[in-house]
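Novice: Spelled out from the first residue to the last, the chains are:
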Amino acid sequence: MNENSKATVKVENVTKKFGDFVAVSDLSFEIKPGRVFGFLGPNGAGKTTTIRMIVGILLPDEGKIEVLGSDSPVKVQNKIGYLPEERGLYKKMKIEDQLRYFAALKGINGSEADRRIDYWLEKMGLLQWKKKKTTDLSKGMAQKIQFISAVLHDPELLILDEPFSGLDPINVEFLIEVVSELKQQNKTIIFSTHLMETAERLCDDILLINKSRKVISGTLREVKSSFSKNLVALRIVGGDGILSDKELVAEVKDHADEKEVVLANGVDAQVLLKKLIESGARILKFECVEPSLRDVFIEKIGGEN
Amino acid sequence: MTLSKIFAVIKHEYKKIVLKWSFLIGTFLVPLLGLVFTFIPMLLFLIKGETLRLVIVDPTEKIKPRLEKALSEKSTNSKKKELEPKLNTLETQKELPEEASNTDVVFVDYSIAEKSAEQIRRELNAMITDGKIDAYLIVPEDPLDPSASYEFYSRKAEDFIVNSRLKGALERAIRAERLSKTKISEEELEFLNSEVKLSVKKLDKQGSEEESGQGFWIGFVIAILIYMILSVYGQTILSAVVEEKETRIAEILFSSAKPFELMIGKLIGVGLAGLTQLGIWLISASVILIFSLPYLALVGFKLISPSVLILFFVYFTLGFFTYASIFALIGSMVTSVQEGGQFSFLPVMIMLASFYLCFLVLRDPSSEISFWISIAPFSAPMAMPVVLALEKPPIWQITLSIFVNVLAVVGIVWLASRVYRVGMLMYGKRATIPEVWRWIKES
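Chains A and B, in that order, are what the protein sequence lines are.
To convert, count from 1 in the first sequence and add 24; that's this note's numbering.
To convert, count from 1 in the second sequence and add 3; that's this note's numbering.
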């Protein structure tokens, strides 16, 4: 068995068109088992279409998709959990009945389904809502029920499309914790979001797409290091002459009590530090800042759009 | 195709309908209401009205005795008739207003000696106002003149039962008076006035005769039942599909099972709920019929054979899949129930047209047009049960009809499933016909 065949998801040169509109073009990537895979990109980049192909709702026009060792995702649907971005529940049906139905469609029936429904409702703190209807729930509760429907059948591959939209910060933290637990159980998780801060906290690997094409992919570290700019966070007294030297510094942004310095191309932060000390400036803080995913996102996508 | 998934969908859809109050109410209350609405008017006509105190002003003294006789005769006659069993409802209803009225008429004497027409009217009006009488009838000077006008003044002129009874009695009295001018005895007069009894017998192709009438009603009821259940459950499918699309549950469902499995499971589940309802109705009707069998056998009523009953269910199933698939297709195209309502105009019209075509079949089930109606898709599921209730069509005709309709169902389900798989994931806007056509060709 070579390295490639172990991938939980393998997308190879996949293209999908709707009429004249190209939603995904020549996209290739791999998701390794047990990893949290951040699938990022602006609205309309082709994320949902790609996810729908991985889940088996859509078929690619060209290319190949392999999921959990099968070249037809439909055959392994029972091992995939999917929380779509556009989601809902039956309005006038009891929570337990809905969950039972979703479980049955994934091949979990009878007392086993009941046991898991109770387990998850209790975990989410929603056990007392079991016999209530959707219309009785708040939006956040409904979101949690939808989350349960995606994990109820203990899937090997969990796909979460914007799982936190519309949730309050406390519930976001709670769900992040649940996702982390699932990661520890060695589940593979595809996580699609606009929230770069959350992606940064959760993801091992990143794929950034824009306008149907791959922009960048790799581990979180690889992606960050591809960021072209060197940033230094600085709190100093004096040294103004050095900072205005165009050969050293490309840009200075003033924040509340500190400055963000973008170094000129090819300049090492050590050189700046040395020059500042030599100039007699008093240095209170000097920190080489790692770019955030947000910075990468804006740099890679912002210019193009 | 995974049967366990289809089964899960069937179970879900079936329970969703059957375990609801509206299903129980629909199943048990609707037939009950139907019975109530049929029988209450009949019962009301049988209720004895108040006594009518009537003055007959007849200057000629020729009409009055005959009218009094005709009016009193009538009530005894009708009582006798009620005791006879009547099966043909049509006949019963036609006779009701005249025959079933039990209002007693009391004739109040009033002397007209030497009074002017003006004075008579004033006095009688006063008697009505004082509550001494309820009505009076003024016979014209020349009662036999066809242009003569009889005037009836009544405190309750709205009582159409009394009015029509009076008119009938008056016509008989005048006819009798006219005939008495010729040389006809009173016995001959009775004989002339006697009613005609028309007994309609039906000859089938084998030449054996049977009592006609009941087949018509069974056929009619079957057509209405199938039409009703098809339209009610068609709408159920439509709103269930739109709900899944509107709430975006479709996407979760599509990630768990194939669109075809989901659609066919939904059709079967809802169809089984419809069959359950039809079954409850037919079984309870059979129970009622079996209890009244000795009575029905007496008047020559025959139960439909079990094989015909099975064919009813076959045609119901074919009709259900034909129309329900179209409703599912429409549901997956539109974005809201209201929009779906506008589009369901099409299947509803086809259904209604098929229902009306059943009347052609009812009139003459063995005509050429009836033959084609009972074969063609869309109309056959409603028309063939009517044909079956009325006569025995040849086996090859039934086979051909089932074959044609099974083919049609396969085609429509195939078409619907292709639209369904794409339409259910289209949010925000309604699909256009060219788009739908492209989905059918492409997917």
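These are computed hints drawn from the structure, not numbers from a lab.
Keep in mind that this is a model prediction, so the values were computed, not measured.
From the three backbone atoms N, C-alpha and C, an ideal C-beta is built for every residue, glycine too.
Heads up, a few of these hints could be off.
Stated by the list, open to error - Okay, the calculated beta carbon distance ranges per label pair:
{"id": "1", "chain 1": "A", "residue 1": "Thr159", "chain 2": "B", "residue 2": "Ile286", "range": "52 to 62 Å"}
{"id": "2", "chain 1": "B", "residue 1": "Met352", "chain 2": "A", "residue 2": "Ile322", "range": "54 to 64 Å"}
{"id": "3", "chain 1": "B", "residue 1": "Met352", "chain 2": "A", "residue 2": "Lys99", "range": "49 to 59 Å"}
{"id": "4", "chain 1": "B", "residue 1": "Tyr430", "chain 2": "A", "residue 2": "Lys99", "range": "39 to 49 Å"}
{"id": "5", "chain 1": "B", "residue 1": "Gly414", "chain 2": "A", "residue 2": "Pro66", "range": "41 to 51 Å"}
{"id": "6", "chain 1": "A", "residue 1": "Gly43", "chain 2": "B", "residue 2": "Ile286", "range": "25 to 35 Å"}
Novice: Against which earlier hints does the structure fall short, listed by number upward?
Specialist: 1, 3, 4 and 6
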